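A.B. asks: For reference, the chains in residue letters:
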Amino acid sequence: MRVDLGGIRMKNPVTVASGTFGYGAEYAKLVDVTRLGAITVKGIRLQPWPGNPLPRHVEVPGGMVNAIGLQGPGVEGFARDYMPFLRTTGVPVIVNIWGTSEEEYAEVARRLSEVEGVSGLELNISCPNVKEGGNAFGTDPRAVASLVAAVRRATRLPLMPKLAPNVPDIKLFVRAAQEAGADALALINTLPAMVIDIETRRPVLANKVGGLSGPAIHPVAVKLVWEAAQVARVPLLAMGGIVGPEEAIEFLIAGASAVAVGTANFIDPTTSLRVLEGIEAYLRRHGMNAVAALTGSLL
Amino acid sequence: MMKDVTCRVIGQTPLTAGYWALDMEAPGLAEAAQPGQFVHVRVPGLEPIALRRPFSIFGTEGTTLKLLYKTVGRGTSQMNRLVPGDPVQVIGPLGNGFPLEPRGEPLLVAGGYGVAPLAFLAGRLPTKGVVLIGGRSADDVLAVTAFERLGWTVRVATEDGSLGETGLVTVPLDRELARLHEAGATPELFSCGPDGLLRAVGERAIQAGCRGWLSLDKHMVCGVGACLACVQRLRREDGTEWIGRVCRDGPVFEAREIVW
Ligand SMILES: Cc1cc2nc3c(=O)[nH]c(=O)nc-3n(C[C@H](O)[C@H](O)[C@H](O)COP(=O)(O)OP(=O)(O)OC[C@H]3O[C@@H](n4cnc5c(N)ncnc54)[C@H](O)[C@@H]3O)c2cc1C
Ligand SMILES: Cc1cc2nc3c(=O)[nH]c(=O)nc-3n(C[C@H](O)[C@H](O)[C@H](O)COP(=O)(O)O)c2cc1C
Ligand code: FES
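Chains X and Z, in that order, are what the protein sequence lines are. Take the first sequence: its position 91, counting from 1, is numbered 91 in my numbering, and each next residue is one higher. Take the second sequence: its position 22, counting from 1, is numbered 22 in my numbering, and each next residue is one higher.
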């Protein structure tokens, strides 16, 4: 079941999606996190960040729309308060990072390179919930190339940009990111979305807009992963609407090397482990001896 | 310690219009529950994906977990369809409850379904006192006999005057506070209800120089501190502020901690 995600050595192809599993410790009483292929933590920037006002989420058919706004403890707070537990798990730790400038992304990467136990960086260039940073970088291939190159110079850790789904041609971004030095690519982030309360005629979210996640976005994600796989020379980490093994296997067939479970953690915290067991059973049933046999096996 | 347990519905009983008491068999969860803690319920029939719903623990009896809920929307309406034997996934007990060793005369202030954690608390506090229950109308006043059976004195206020005295529950609260003050006693306030009520109770606790324990109702996603949907600005004793998660750091806070 082993997978090498651009230098992140996972014992199996299943991780959790950034922002849906805290820093690993929060769910540790409900889920045996040591069984995960990797733990991906909530997005952090250089300094602590307060995030958006409430309400930060709303339930919609097939998922939810969130605008948490990347609240986080900053690099130092993360290393001090959360890494000690994460190190005890023995599981690779993928840190989701963001900033409002290339310099900030690079500085976060540089500092995390010195933190023991960090196995790779997921570059969040696709968060719809912060005004600067996030999506501002993710929707222009030249900005992506320049940003990835800048972070590449700052760290030797495996680098995995997380691509924005709301672009006309995902292949341009895949090429831009891998040519600039990405070791793997993650997709997809949430889709920009909005919900209006018709009684008050106001947006439900304090931030007005947010990101749609959950089963509703799964087919969109499958299509993007399939397209990305056609030009990708680096492994893909796929996510978007996984609620069980079936969606994860779809992603693998479409071309992903590994998968991340997001919103479904909130409903069933053990979804990631169910997905893992389901993939194992599927491989056995189809006489495949490695995840790689499934990756990109679409006929 | 929190667990994700497959509970079995024992049954549910109507209370007043729109309010229900739901009993479930919750071994391993019920025994560990403390007053003020809550559970995160995966309501069956809201598939394939619907967020869990948080509910205060109304009480426990051995391995039986009791909830009291008001039907307000999609999830609570669906809960209404539960029949004995139905399986329900429940994570709990979650959060930090009320302290059980008050320094003063306990004074409980409930608004609407906010009686749920306070009824549980009333049975566990070493000394009995007064419970003030407020609501819009008589239908929003619950658990009166439960408190009385436990030896508590109940006072009721409804906004429309359909039960007890007419007006906000803060009116009898101020009277009780004045009475305790005259008697030279220090009160200790415990409250659960809408934000407006909690704020009013908190202000009074600070004025009276006593402790006021407030249980916040915030919309939640994960319930365990992982998603940051339920945050609240808080103040430490040294005056510095921080952002807490109501699900994990609360839902009960002392009045002085909350930055409204
Ligand atoms: C710690 C805590 C304890 C609670 N205890 C009780 C209790 O003992 N009895 C009771 O009747 N209710 C309680 N509530 C409120 C209860 O969670 C909501 O009434 C319920 O989630 C509504 O779900 P719905 O699907 O019927 O409503 P909908 O409006 O259809 O729900 C849509 C979404 O909003 C959320 N939501 C709506 N209203 C609330 C609310 N007031 N608080 C939190 N989330 C909300 C739902 O969880 C859901 O995600 C408590 C809330 C919290 C945070
Ligand atoms: C509450 C919440 C918080 C999130 N926070 C982050 C984040 O900090 N950084 C990030 O790159 N993605 C974040 N995401 C996006 C997820 O990692 C994931 O890409 C997306 O939700 C799609 O997967 P899902 O449909 O399985 O949830 C967040 C999603 C949710 C629902
Ligand atoms: S509900 Fe997720 S942090 Fe509180």
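Just so you know, these hints were derived from the structure itself, not from any lab. What you are looking at is a predicted structure, and each value in this text was computed from that prediction instead of being measured. There's no promise every hint is true.
A short list of chain X residues far from chain Z (calculated; beta carbon distances all over 10 Å) [what the hints assert, rightly or not]:
hint: 1; residue: ARG56
hint: 2; residue: HIS57
hint: 3; residue: PRO141
hint: 4; residue: PRO219
hint: 5; residue: VAL243
hint: 6; residue: PHE266
In silico DSBU-like links for lysine-lysine, alpha-carbon gap of 35 Å or less [stated by the list, open to error]:
hint: 7; chain 1: Z; residue 1: LYS66; chain 2: Z; residue 2: LYS128
hint: 8; chain 1: Z; residue 1: LYS218; chain 2: X; residue 2: LYS11
hint: 9; chain 1: Z; residue 1: LYS66; chain 2: Z; residue 2: LYS3
hint: 10; chain 1: Z; residue 1: LYS218; chain 2: X; residue 2: LYS208
hint: 11; chain 1: Z; residue 1: LYS218; chain 2: Z; residue 2: LYS66
hint: 12; chain 1: X; residue 1: LYS208; chain 2: Z; residue 2: LYS128
hint: 13; chain 1: Z; residue 1: LYS70; chain 2: Z; residue 2: LYS128
hint: 14; chain 1: Z; residue 1: LYS3; chain 2: Z; residue 2: LYS128
hint: 15; chain 1: Z; residue 1: LYS70; chain 2: Z; residue 2: LYS3
hint: 16; chain 1: Z; residue 1: LYS3; chain 2: X; residue 2: LYS29
hint: 17; chain 1: X; residue 1: LYS11; chain 2: X; residue 2: LYS29
hint: 18; chain 1: Z; residue 1: LYS128; chain 2: Z; residue 2: LYS218
hint: 19; chain 1: Z; residue 1: LYS218; chain 2: Z; residue 2: LYS70
hint: 20; chain 1: Z; residue 1: LYS218; chain 2: Z; residue 2: LYS3
hint: 21; chain 1: X; residue 1: LYS208; chain 2: Z; residue 2: LYS70
hint: 22; chain 1: X; residue 1: LYS223; chain 2: Z; residue 2: LYS66
hint: 23; chain 1: Z; residue 1: LYS70; chain 2: X; residue 2: LYS29
hint: 24; chain 1: X; residue 1: LYS208; chain 2: X; residue 2: LYS11
hint: 25; chain 1: X; residue 1: LYS208; chain 2: X; residue 2: LYS171
Even glycine gets a Cβ: it sits at the ideal position worked out from N, Cα and C.
A.B. asks: If a hint holds in the structure, say so; if it does not, say that too.
C.D. replies: Status of the hints after comparison with the structure:
no.	hint	verdict
1	ARG56	violated (5 Å)
2	HIS57	violated (5 Å)
3	PRO141	holds (31 Å)
4	PRO219	holds (14 Å)
5	VAL243	violated (6 Å)
6	PHE266	violated (5 Å)
7	LYS66(Z) with LYS128(Z)	holds (22 Å)
8	LYS218(Z) with LYS11(X)	violated (38 Å)
9	LYS66(Z) with LYS3(Z)	holds (16 Å)
10	LYS218(Z) with LYS208(X)	holds (19 Å)
11	LYS218(Z) with LYS66(Z)	holds (21 Å)
12	LYS208(X) with LYS128(Z)	violated (47 Å)
13	LYS70(Z) with LYS128(Z)	holds (27 Å)
14	LYS3(Z) with LYS128(Z)	holds (31 Å)
15	LYS70(Z) with LYS3(Z)	holds (25 Å)
16	LYS3(Z) with LYS29(X)	holds (7 Å)
17	LYS11(X) with LYS29(X)	holds (21 Å)
18	LYS128(Z) with LYS218(Z)	holds (29 Å)
19	LYS218(Z) with LYS70(Z)	holds (16 Å)
20	LYS218(Z) with LYS3(Z)	holds (21 Å)
21	LYS208(X) with LYS70(Z)	holds (29 Å)
22	LYS223(X) with LYS66(Z)	violated (46 Å)
23	LYS70(Z) with LYS29(X)	holds (30 Å)
24	LYS208(X) with LYS11(X)	violated (40 Å)
25	LYS208(X) with LYS171(X)	holds (30 Å)
Going through the hint list in order, the structure does not satisfy hints 1, 2, 5, 6, 8, 12, 22, 24.
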